[in-house]
Structures are given as C-alpha cells and as structure tokens.
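Using the sequences provided together with the hints, build the complete structure.
So the chains spell out like this:
Protein chains: 4
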Amino acid sequence: MMIHLESDYNNGAHEAVLRHLIETNNERTQSYGDDRFSEQARALIREACEAPDAQIWFLAGGTQTNATIIDCVLQPYEGVLCAETAHINVHEAGAVEFTGHKVISLPAHQGKLDVEELRAWLAAYFADETAEHMVRPGMVYITFPTELGTLYTAAELAAIRAVCHEYGLLLYVDGARLAYGLAASTDVTLSSLAQLADIFYIGGTKCGALCGEAVVFPKGNAPAHMLSRIKRHGSLLAKSRVVGVQFDALFTKVGESPLYLQIGRRAVTLAMRLRKHFVERMGYPPYIDSPTNQQFFIIPNEDLERLRQHIGFEVWCPVDATHTACRFVTSWATTDAEIDELEA
Amino acid sequence: MMIHLESDYNNGAHEAVLRHLIETNNERTQSYGDDRFSEQARALIREACEAPDAQIWFLAGGTQTNATIIDCVLQPYEGVLCAETAHINVHEAGAVEFTGHKVISLPAHQGKLDVEELRAWLAAYFADETAEHMVRPGMVYITFPTELGTLYTAAELAAIRAVCHEYGLLLYVDGARLAYGLAASTDVTLSSLAQLADIFYIGGTKCGALCGEAVVFPKGNAPAHMLSRIKRHGSLLAKSRVVGVQFDALFTKVGESPLYLQIGRRAVTLAMRLRKHFVERMGYPPYIDSPTNQQFFIIPNEDLERLRQHIGFEVWCPVDATHTACRFVTSWATTDAEIDELEA
Amino acid sequence: MMIHLESDYNNGAHEAVLRHLIETNNERTQSYGDDRFSEQARALIREACEAPDAQIWFLAGGTQTNATIIDCVLQPYEGVLCAETAHINVHEAGAVEFTGHKVISLPAHQGKLDVEELRAWLAAYFADETAEHMVRPGMVYITFPTELGTLYTAAELAAIRAVCHEYGLLLYVDGARLAYGLAASTDVTLSSLAQLADIFYIGGTKCGALCGEAVVFPKGNAPAHMLSRIKRHGSLLAKSRVVGVQFDALFTKVGESPLYLQIGRRAVTLAMRLRKHFVERMGYPPYIDSPTNQQFFIIPNEDLERLRQHIGFEVWCPVDATHTACRFVTSWATTDAEIDELEA
Amino acid sequence: MMIHLESDYNNGAHEAVLRHLIETNNERTQSYGDDRFSEQARALIREACEAPDAQIWFLAGGTQTNATIIDCVLQPYEGVLCAETAHINVHEAGAVEFTGHKVISLPAHQGKLDVEELRAWLAAYFADETAEHMVRPGMVYITFPTELGTLYTAAELAAIRAVCHEYGLLLYVDGARLAYGLAASTDVTLSSLAQLADIFYIGGTKCGALCGEAVVFPKGNAPAHMLSRIKRHGSLLAKSRVVGVQFDALFTKVGESPLYLQIGRRAVTLAMRLRKHFVERMGYPPYIDSPTNQQFFIIPNEDLERLRQHIGFEVWCPVDATHTACRFVTSWATTDAEIDELEA
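Chains as they are written, first to last, in my numbering: chain A, 1 to 344; chain B, 1 to 344; chain C, 1 to 344; chain D, 1 to 344.
One should not assume that every hint holds.
Residues from chain D that face chain A, not an exhaustive set, calculated with beta carbons under 8 angstroms [unchecked claim]: (1) Gln40; (2) Ala43; (3) Glu47; (4) Tyr77; (5) His91; (6) Gly94; (7) Phe98; (8) His101; (9) Met134; (10) Gly138.
None of these hints come from the bench; they were simulated from the model. Where is the CB? At the ideal position from N, CA and C, for every residue including glycine.
So this is what it looks like as structure tokens:
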C-alpha cells in the first residue's frame with residue numbers, strides 16, 4: 001500500500017463536508033454570499049470565535065484570499081511585512097505585487113518573525129527622514145502554522161500585535177492550515193486569534209473542504225463595499241453556497257467542538273506518531289521542530305529511493321552532501337492504516 | 001409550490017456531477033491542475049470540441065476567468081472591444097480594468113455586436129493618426145449566449161472572426177451559459193466554436209456544476225507560463241480536482257452526447273414551454289426574442305405582485321409607465337413539475 | 001512665412017517664464033516640492049484662486065496628472081464618469097485604466113456633459129439592485145475648456161457640482177488649457193473654479209511653460225501621504241524647482257493680473273481674429289462654436305492643399321464627401337505677425 | 001559662505017544646457033518625441049555610445065524611468081533582481097510594485113551585487129520544482145554608480161551580463177548619476193555600457209539638466225509600441241523638446257568629448273579634493289570607498305554641529321555611539337570656490 005504524505009490537498013472533502021453538499025444539493029438559494037448556508041456558517045464561525053461582530057467572507061483559495069484581502073485593506077502606498085519564508089513572499093507567484101503592493105521581508109526564524117527584529121525595523125522606518133519615499137508598512141502578515149509547521153505562542157502573537165498597533169499596522173494571520181495549528185497550540189484558540197488579529201482566514205482547502213477559505217474581520221472592522229472589492233479581484237463566487245455549505249459542515253459541532261477542530265487534532269495525532277517513528281525507530285533527526293501536521297526530517301540520501309517506493313513525500317532541500325530534508329504531511333484524510341503501515 | 005426562475009445559479013450541482021464528486025472523493029491526486037480528473041476532463045473536452053491540440057485550464061468562476069484570461073493574452077497597452085451590454089462592461093465590478101486594460105464598448109443590438117459597426121470602428125482606429133495615443137484594440141469579447149439570451153449565428157461569428165483577424169485582434173467567447181446556447185443554436189457547435197474563437201470558456205457554474213469554468217485555447221495557442229500567470233491572478237486552485245471532477249462528469253457521454261449538451265437541451269425545452277405559456281396564454285409579449293434559457297417578457301405592473309407569490313424572477317427594467325420587463329431563467333435544475341405548475 | 005497653428009505645445013516657454021528660469025538657475029534649493037520657488041508659486045496660486053487652504057502639487061504633464069490624481073483620490077472600486085470625447089477616455093492610451101479604474105463615458109454635447117443626463121445616469125445607478133456588481137462612480141471628470149474648445153458656464157459647473165455632491169462624487173476639472181478657458185469665459189474664474197471643483201489642475205505645458213501642471217485641492221482636501229502616492233506613480237520630480245519656478249513666473253502679476261491670465265487673453269484675442277477671418281472672409285463655417293484658442297472650421301477639400309502651404313493645422317475629421325473639419329490653435333506663442341499674415 | 005553638498009539635484013541646469021534652452025526657445029517643433037532636438041540628441045547619444053541602432057526615449061525623472069521601462073520590458077509574471085540597497089527597492093515608494101512586478105533583493109556588497117551570489121540564486125530558482133509558483137526573474141537591475149557611490153568594473157559587468165544571458169534575463173543599468181560613474185571608472189565607457197547592458201538610462205536630472213533621463217536600448221531591442229506603453233504610464237512628454245534640447249546640449253562635444261562626460265569629470269575631481277581634505281586633514285575615515293561624486297565619511301558626533309554651520313550635507317546612518325556616517329555630494333554645480341573654502 002502506498003502511503004500518501006505529499007500534501008494536505010491531495011484528497012477530496014471530509015465525509016461530513018461531502019455529506020452536507022449532498023443533502024443540501026437540491027435546495028434553492030440566494031447567491032453572491034447571501035445564501036442561507038453561508039449565513040449559517042457565519043453564525044457558527046462567530047460563535048466558535050466568540051466574536052459576535054465578526055464579518056466573514058468566503059473565497060475559493062488561499063493565494064486568492066491573501067491577495068484580495070491584503071489589497072482590500074491596505075492603502076495603495078502601503079506594503080506588507082512578513083518573514084522571508086512567508087507564502088506571499090515565496091509561493092504565490094507575485095499575486096500581492098500584482099495588486100500593486102510591496103512585500104517587505106524580514107529574517108525568518110524557523111518560519112517565524114522575531115518581534116524584536118520587527119520592532120527595530122519599524123522604529124528605523126518611522127525614524128527615517130526619507131520614509132515618505134519608501135513603501136509605508138501597513139500590515140504584518142504571519143502564517144499560523146508557518147510554512148515550516150511551527151507556531152507562535154499566544155504571548156508572541158500578543159507581542160506582535162502590540163508592536164503593530166503601536167505603529168498603526170494591521171495584523172493579518174494566514175490560517176491556510178489553521179486547524180492543524182489550533183490542534184497543536186497549547187494556548188492559541190479561535191477566540192484568542194479573533195482577539196489578537198485584525199484579520200485572519202480559516203483555511204478550508206487544506207483542512208477538510210474541497211475548496212474555500214473563510215476570511216474573518218473579528219471586530220466588524222472590514223472596509224466598506226467588500227462585495228465590490230472582492231468581485232473586482234475576480235474572487236466573488238456566484239454560487240457562494242459551494243463554500244458556505246462546506247464551512248457550515250466544518251463548524252457544526254460534533255460532540256463538544258466543531259468538526260474543524262477535530263479534523264486538526266486527528267491529523268496532528270497521526271503526525272506525532274509519524275514523528276516518533278521516524279525519529280526514534282528510524283533515527284531520522286527532525287529538520288525543524290514542528291508540532292503540527294507538516295513534519296520535516298533529515299534523511300540519508302541512500303534511504304530516499306526505498307522510502308519513495310512506499311511513501312509519497314516531498315523533497316524539501318539538501319542538508320549536506322549525503323542528507324536531504326524531506327517533508328511528510330498528514331491531513332484529515334490520512335488514515336490510521338497508513339500510519340500503521342508506516343510503522344510496520 | 002414556489003417556482004424558482006430567478007437565475008441559473010441557485011442550485012447545487014447536477015446529480016451526475018455530484019455523484020462523480022462522491023465516487024472520486026477518496027482518491028489521492030496531484031494538485032494545481034495535474035490531477036487525473038482534470039487530465040481526463042481535458043481529453044473529453046478536446047474530443048467534444050474536435051480540437052486535439054486544445055489547451056485547457058479550469059478556473060473557479062466567470063468574472064475571474066474573464067479578467068484572468070483577458071489580462072493573460074492582451075499586451076499591456078491593449079484593450080478589449082465588446083457590446084455595451086457585455087458582462088465585462090457592466091457586471092464585473094471593473095475586474096478587467098483592475099488588470100489595467102480598457103474595456104471599449106460598442107453599441108449593442110439585442111446584446112450583440114454588429115459586425116459592420118465593428119469593422120467601421122476598427123477601420124477608423126487604424127486610420128487615425130493619433131492611434132498610438134489611444135488604447136489599441138487587442139481583442140473582441142462576445143458572449144454566447146449574450147446577457148439577453150440571444151445568439152450569434154455561425155455566419156455572424158465567422159464574420160466577426162474575419163474582421164478580428166484582418167486587424168490582428170483575438171476573438172474571445174464568454175460561454176458562461178454555453179450549454180444553453182449550444183442547445184438553442186441551429187449551427188454553432190463546440191466544434192465550430194473551437195474553429196472560430198481564439199479562446200473561449202465553457203461555463204460550469206451556470207450549467208450544472210457547483211463551480212468552475214473551462215478555458216479553451218483550441219489551437220494550443222496559449223501564451224507561455226500560464227500556470228504562473230493564473231496563479232498571479234489568484235485564480236489557481238490548489239485542489240484542482242474540485243473543478244476537474246465536475247467537468248469530467250459534464251463531458252462524459254450519456255448516450256450519444258456529453259451530459260453538458262443534454263443539460264442545455266433540457267433547460268431550453270423548458271424555456272420554450274415557459275415562453276409559449278407567457279406569450280400565448282398570458283399575453284405577455286417578449287421583451288427580447290431569446291431562444292435560450294433566459295426569457296424576458298413585458299408584464300403589466302398590476303400583475304407583478306401576484307406573479308411574485310408563485311414565481312421567483314428578476315425585474316429587468318421598466319418599459320413604460322405601466323409595464324415592466326422581467327427575466328425568467330430556466331436551468332438544468334428546473335423541474336418539469338415547476339413548468340407544469342406554471343402552466344396550471 | 002509659415003504660420004503655425006497645429007497645437008499649443010510646439011513652442012518653448014513664454015519669455016517671462018524662461019527669464020525666471022535663467023535668473024534663478026544658480027540658486028541652491030530643496031527638492032521634492034520643498035524648494036522655495038514651488039512654495040512661492042503655491043502662495044501665488046492660492047491668492048489667485050482666493051483659496052488660502054489650497055494644497056498644491058506640481059507634476060510634469062497632463063496625462064500623468066490625470067492618471068496620478070484620479071488614482072490618488074478614488075477608492076479602488078470606483079470609476080470616473082466623463083464625456084465620451086474626454087481626453088482621459090480617448091487620448092491618454094489607457095493611463096487611467098492602467099491604475100485600475102474604469103472610465104465610464106456618457107454622451108458628449110460639443111465636448112460637454114449634460115447635467116440632466118448625468119443626473120439620470122447616477123439616479124439609475126444608485127437605484128440598481130445590482131449596483132454593487134458594477135463599478136461605483138466616484139468622480140466626474142470634465143475639461144475646461146473641453147477638447148473641442150467649448151466652455152461650461154459657472155451655472156453649468158454649479159449644477160454638475162450639485163449633482164456630484166448629491167451622490168457623493170468628486171468633481172475634477174482638467175485645466176490643460178485653463179488659461180484660454182478663463183480668458184474666454186464670461187463667468188468662470190480661478191476663484192469660482194476653486195469653489196466649485198473638488199480638485200482641478202492648472203495647465204502649464206499648453207499655457208506658457210516648458211512643462212508642468214499645478215494640481216489644486218482648493219479646500220485642503222487632499223488625501224494623506226500625497227508625496228508617497230505621487231512618487232509611487234513615478235510622478236514626483238526630484239528637482240521640483242523646474243516646475244515651481246515656471247509657475248512662480250506664470251502667477252506673478254504683470255500689472256493687475258497674473259501672467260497666466262494675460263497669456264490666455266492674448267491667445268483668445270488672436271483666435272477671434274482668426275475666426276473672423278475664416279468665417280467672414282473665407283466663408284468657412286465653424287465646425288463647432290468655440291470661444292477659446294482652439295478653432296474648428298469646415299473647409300472645402302479643394303482648399304486644403306493650398307492652406308497647408310502657408311498654415312500648419314490639424315485635420316480633425318471628414319464632414320462630408322467634399323468638406324473636412326480642421327483645427328487651428330493659437331497659443332501664447334502665436335504672434336500678431338502670424339495672424340496679420342493670415343489675414344493678408 | 002555656505003557650501004552646498006547635500007545632493008546633486010539642488011541646482012538649476014548647467015549653463016550650456018540653459019543656453020541651449022534659451023537659444024531654441026522660439027523655434028516651433030513637433031511634439032511627443034518627434035521634435036528635431038530630440039532627434040538630434042538621439043543621434044549624438046548613438047554616436048557617443050557607438051551604438052548606431054540604439055533606440056532612445058526621453059523621460060522626465062528617474063523613478064518614472066525605472067518603473068516605466070521595467071514594466072515595459074518584463075513579462076507580467078516576471079520580477080526584477082537587485083541589490084537590497086537598490087534605489088528601486090528602497091527609495092521609489094514602491095513604483096515598480098505599483099506596475100505589478102516583484103522586486104527581488106539579494107545581499108548588497110557596498111551597494112553592489114555579487115555575481116556568484118547572483119548565479120547561485122538563479123541556479124537555485126531554475127532548479128526548484130516549484131519555480132512556476134514563484135515570481136520568475138526576468139531582469140537584473142544595477143545602478144552605475146551605486147547608491148553608495150561605488151562602481152562595477154567592466155569585468156564585473158561582463159560577468160553579470162553573462163549570468164543574465166545564461167538564464168535568459170535582461171540586464172538593466174540605472175545611470176541616474178552615470179556622468180560621475182563614467183568619469184571615475186577606469187574601464188567602463190558609454191560604448192562598453194552599450195555593449196554590456198540590454199537597456200540603460202543616462203541620467204540628466206543629477207548630471208546637469210533641469211530634468212530628464214535618456215533611456216537607451218542599444219541594439220534596437222525595444223519592444224513594439226513604446227510610445228503607447230510610455231504614455232500609458234503617464235511618462236510621455238507632450239512638449240518633448242524640453243528634455244530633447246537638454247540632452248542635445250549635454251551630448252554636444254565641447255572640445256573632444258561630450259559636455260556630459262566633462263560635467264562628470266569636474267565633479268569627481270572636486271570630490272577627490274574633498275575626500276583628501278576630509279581624510280588627510282580632518283582625519284575622518286571614509287565610511288565607504290567611493291570613487292565618485294558621493295563621498296561618505298565617519299564623523300565624530302561632536303563635530304557635526306560645527307560642520308553644519310558651514311556645509312550642507314546629509315546624515316547617512318549612525319556608526320557607533322559617538323560617530324555618524326555622513327554623505328557629501330559634489331555635482332556639476334559645485335564650484336572651485338566651495339572646495340577652496342572647505343579646505344580653508
């Protein structure tokens with residue numbers, strides 16, 4: 001049996017999401033975000049975030065969401081600060097710059113911004129006599145979890161937020177893999193995220209949906225005319241129910257917590273089994289210390305071919321002449337059987 | 001029973017599309033367009049279009065598709081010519097202009113461009129000594145069917161194409177409702193469209209899919225680096241299978257022809273029944289002579305309220321002090337029972 | 001002697017402007033708008049406009065000014081309304097659309113917008129249920145004088161302004177040839193313009209300067225960070241004195257009024273002589289009734305070649321099989337001798 | 001006497017440039033680049049560059065030139081590589097990103113790119129399996145001299161060019177201060193620049209002109225429709241003679257070489273005297289080893305105030321708790337008397 005750990009977007013939808021698509025299929029609805037499933041999903045997300053004033057929009061994918069929302073909230077002359085490894089800086093084909101904004105990168109520390117480096121950068125910018133000739137920073141963008149699977153603590157997020165607000169910047173959190181981050185974090189919750197971030201998005205595509213991301217303005221702080229703004233970016237779905245229904249399922253409680261959180265927990269549990277197996281049994285040291293569903297190990301090159309016959313994974317980067325860092329990703333779709341097989 | 005004729009995007013997916021999403025859900029696939037369902041859907045579309053060299057991309061929605069593709073193929077200094085009623089000119093919130101291109105509108109004749117007016121406009125442009133100071137026309141954009149449900153004949157398309165090529169312009173056909181156009185046209189087929197258009201898209205959202213449109217470059221004539229170009233516009237789906245699976249279903253033959261064409265035929269048949277009822281039984285004259293799934297009638301204002309209690313429809317525009325033009329739209333999801341009820 | 005009436009930008013600078021460039025050449029100044037000549041020119045313009053709170057920026061050329069300023073003041077999702085003959089709609093190579101905004105054209109009446117048509121268009125837009133899917137009008141753009149040499153009266157400007165403000169739009173006046181408009185208008189002055197327009201620019205290039213236009217926000221109503229916004233458009237001159245010195249000269253009083261107004265009067269006086277000659281002596285009817293420095297006449301085709309031997313002018317458009325409309329432009333640089341010669 | 005060494009754009013025009021503006025002022029010319037002075041200046045530049053096929057456009061300023069030309073020659077999905085200290089990356093308010101292109105920065109070594117780092121970056125990019133999801137590098141941008149006054153040798157330029165061409169990138173040289181670079185370089189000439197660069201611009205604003213930069217495509221390699229492209233960026237001067245006349249003067253030979261080169265030599269000679277004085281007499285060590293008109297010294301903080309009373313200069317950055325790096329700039333307008341005074 002081939003074990004698929006290449007990515008968290010190589011499956012269809014979580015069965016509960018699919019089931020909801022099926023059972024709602026014949027109902028007639030409004031469009032462009034006014035359908036009752038989107039409305040219901042919004043109510044559930046507001047509740048899960050303990051953010052009763054939150055405004056929520058559903059978009060189709062992650063790069064689209066980042067580019068659309070960043071452009072919608074920044075002033076034209078503002079740029080966005082991020083870690084140099086940030087998705088918007090590396091793997092979005094310049095989608096943010098396409099909208100006219102500079103992506104300003106700072107050093108990354110295991111995928112994370114350092115709050116003191118951020119503070120120093122901002123202090124220097126605002127002290128610079130030529131600042132008006134430079135792109136004004138308008139936002140800090142972080143990923144949770146990061147592209148390397150790492151997490152900010154609540155205290156780190158609070159410190160970044162404090163620096164942002166001191167200098168008048170917005171804090172935006174890209175939660176493409178948010179379910180896995182929340183499952184692994186000891187102190188960041190949807191609720192604390194809604195308090196700390198000015199804007200964040202709850203990733204669907206990588207966390208159980210066929211497609212779709214939910215953008216949250218937790219304090220009702222979205223700019224006016226969002227429908228026009230989103231449509232102008234080509235990001236408005238006519239048949240908005242397609243994402244609305246999926247988030248309605250993802251945020252319906254199964255037992256005591258929304259399905260979305262359970263999806264995250266399951267994948268992280270499997271990731272920890274995988275990690276234990278690779279580190280303790282196989283002796284592959286972690287390339288990075290990730291508590292989430294993306295795991296990176298340093299693997300002797302001579303083992304690669306054999307592993308590839310049984311496991312789908314991604315080569316990350318060479319480490320030295322004889323070792324390679326590789327990424328293994330669990331998801332809501334990874335089965336116990338796959339990890340059993342791996343361990344066997 | 002409420003009869004829903006507001007739009008062709010108020011339902012979920014055609015049952016065969018939904019079924020295919022269900023049955024393929026647990027299969028692991030590649031991403032970003034390389035999944036096997038997208039590949040299969042491409043093969044079926046190439047066959048249906050008799051265009052073996054066609055390059056095909058799947059995007060999520062119509063406005064996104066228009067803005068992305070128009071920007072991808074135009075030179076930066078070029079604009080796009082269209083009828084003043086064209087979707088890109090009216091109802092896309094400036095998405096084409098967002099990409100930096102002027103939309104140049106010509107008079108609309110029941111939603112259609114007149115080829116002689118087009119030719120005259122182009123002749124005047126290219127004869128103008130100040131042409132280099134004006135936006136150069138790089139493309140003609142037409143909708144098939146138009147926003148008013150009307151259709152170009154194959155001869156009209158050929159004439160427009162000839163003018164386009166005489167002046168070095170591309171011909172792009174927006175097929176958001178293509179299924180209904182093909183069903184109603186006496187001489188335009190997927191195959192002739194693939195011969196006449198430089199680029200066209202096959203609409204999914206309004207024709208049986210949950211979401212998704214298929215862009216076709218019928219002669220393998222797409223510019224290089226389309227993946228980067230599409231991603232830069234935020235239009236690349238990571239989990240591309242979501243649209244690939246749906247088009248795989250839509251272009252699978254049911255009997256002798258692809259499901260897509262049958263979906264169109266059914267809706268047009270129902271539209272013709274609706275039309276007969278409104279014109280002959282109710283005495284409502286057509287506002288426009290549409291052979292497709294969008295039907296427009298002139299209705300006495302005093303009848304509107306009563307109609308609204310039974311039928312969902314859209315007010316189009318006032319006709320005179322006592323009459324209003326209204327739009328009634330059938331779709332793949334309209335049931336025989338709804339039209340029976342209407343007639344009763 | 002060849003008489004040059006092709007355009008109002010085929011000469012160098014008015015001698016007083018040139019003299020001021022010479023006499024200030026060796027003075028060291030600040031840059032980026034902070035030089036003392038720019039400051040002095042701003043003070044003179046504020047005085048001439050009776051607008052003590054006016055904010056003023058100097059840019060290099062007209063298309064640059066239109067595109068930069070329109071983009072700076074519009075919201076991203078807003079477009080600009082104008083007559084179909086407007087410079088931004090025809091002869092700026094899509095510079096406004098390059099910044100992402102739609103140019104929405106209304107019928108032109110001898111180059112002018114009709115206020116009732118404007119009101120009706122806005123009423124229809126704001127009553128439209130689908131308005132959020134359409135480009136929101138954010139500004140009305142007019143030219144004074146228009147591209148056809150015609151002028152709005154103060155009452156017409158006031159009516160347009162009233163409609164603008166009723167619907168929340170800005171009124172922007174392109175004054176590329178403002179000197180000639182002010183000279184010909186019976187009731188529009190710099191002061192009334194400063195009261196009626198939200199933004200206007202005072203054209204230098206066509207009115208006595210080597211280059212440069214002065215953008216005026218008469219009520220101190222410019223958005224924040226204009227320096228960054230202008231620089232981002234590539235429109236900020238490092239050596240800002242080059243335009244500052246010229247406007248300092250143009251707005252220095254010569255006798256009782258600024259040189260700028262005198263420049264306009266002289267050209268219009270010559271234009272009226274020219275007009276009288278062509279209409280009364282030559283029997284060429286005006287193509288359009290222009291009171292400013294651009295004059296248009298209907299000329300028998302058989303006369304064109306002979307005229308061309310003595311006069312430089314521009315063919316505007318064919319009128320009928322045997323007649324052509326031609327444009328003759330006077331400027332600050334047109335000499336009495338030229339018009340004497342013409343009359344002789 | 002105050003000695004002005006703040007910048008090279010705080011004066012008017014070189015007297016020969018001014019004289020040419022005066023003597024040509026009353027001549028009637030064509031516009032939009034077709035005036036005879038622009039034509040003449042182009043011929044002189046072609047000769048000075050030994051590039052008979054060169055295509056040349058005149059724009060108003062440096063940021064405008066960079067943003068316009070970079071956008072004109074890059075494919076939409078391409079970005080531009082540069083040193084992190086590059087003007088386009090730091091001090092152009094995001095003008096390049098405004099046109100939709102990412103500025104990708106590499107480490108700067110005294111303002112310069114290291115060719116081996118560049119090669120390694122490009123090798124890594126093109127070897128990356130995810131390259132299509134990243135911004136494709138389409139150009140290398142360098143400044144000559146750099147923002148820190150340093151120079152590439154001809155061999156370094158040739159090595160960068162070789163890497164560029166190996167990977168299919170264009171090499172673009174920003175010559176805002178080119179006159180001073182050519183004067184100081186031992187082996188880079190206009191002619192070698194025309195051979196090594198795909199595109200470069202000859203700075204006027206900082207090198208003797210009131211305004212204006214000359215963009216050179218040395219091998220006739222400009223893309224089609226440059227007039228439309230430039231106008232669309234708002235960068236086309238109607239009265240193009242304003243820059244044409246100035247470059248006509250700057251490239252007219254005075255004795256054996258164009259005035260432009262002599263302007264550079266004079267300023268560099270004065271810079272070397274200034275340097276000798278500061279280093280040898282004052283004991284201020286250079287902050288950077290610049291052979292051109294921008295000189296940087298490390299100055300004890302306690303000396304700053306006293307210096308400021310006699311000399312205008314720019315604080316660059318703090319060096320340590322008690323020392324500051326300061327910039328002193330000579331230009332064509334710096335007088336012998338000023339340097340005499342400095343030395344006294």
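Here is how each hint holds up against the structure:
Checking Gln40 of chain D against chain A by beta carbon gives a least distance of about 34 angstroms; that is not within 8 angstroms, so the hint is violated. Violation of the interface hint for Ala43 of chain D is found here, the shortest Cβ-Cβ separation to chain A being roughly 35 angstroms, above the 8 angstroms cut-off. Proximity of Glu47 of chain D to chain A is violated relative to the hint, the smallest CB-CB distance being about 36 angstroms (cut-off 8 angstroms). Checking Tyr77 of chain D against chain A: minimum C-beta separation of about 7 angstroms stays under 8 angstroms; hint holds.
About 5 angstroms separates the beta-carbon of His91 of chain D from the nearest beta-carbon of chain A, less than 8 angstroms, and the hint is met. With its C-beta approaching chain A no nearer than about 4 angstroms, Gly94 of chain D sits inside the 8 angstroms limit, and its interface hint holds. Because the smallest distance between the Cβ of Phe98 of chain D and any Cβ of chain A comes to about 5 angstroms, under 8 angstroms, the interface hint for this residue holds. Of the supplied interface hints, the one on His101 of chain D holds, with its beta-carbon coming within about 6 angstroms of a beta-carbon of chain A, less than 8 angstroms.
Annotation: interface hint on Met134 of chain D holds; nearest CB of chain A at approximately 6 angstroms, less than 8 angstroms. A hinted interface residue such as Gly138 of chain D counts as satisfied when its beta carbon comes closer than 8 angstroms to some beta carbon of chain A; here the least separation is about 11 angstroms, so the hint is violated.
Violated hints for the displayed structure, listed by number in ascending order: 1, 2, 3 and 10.
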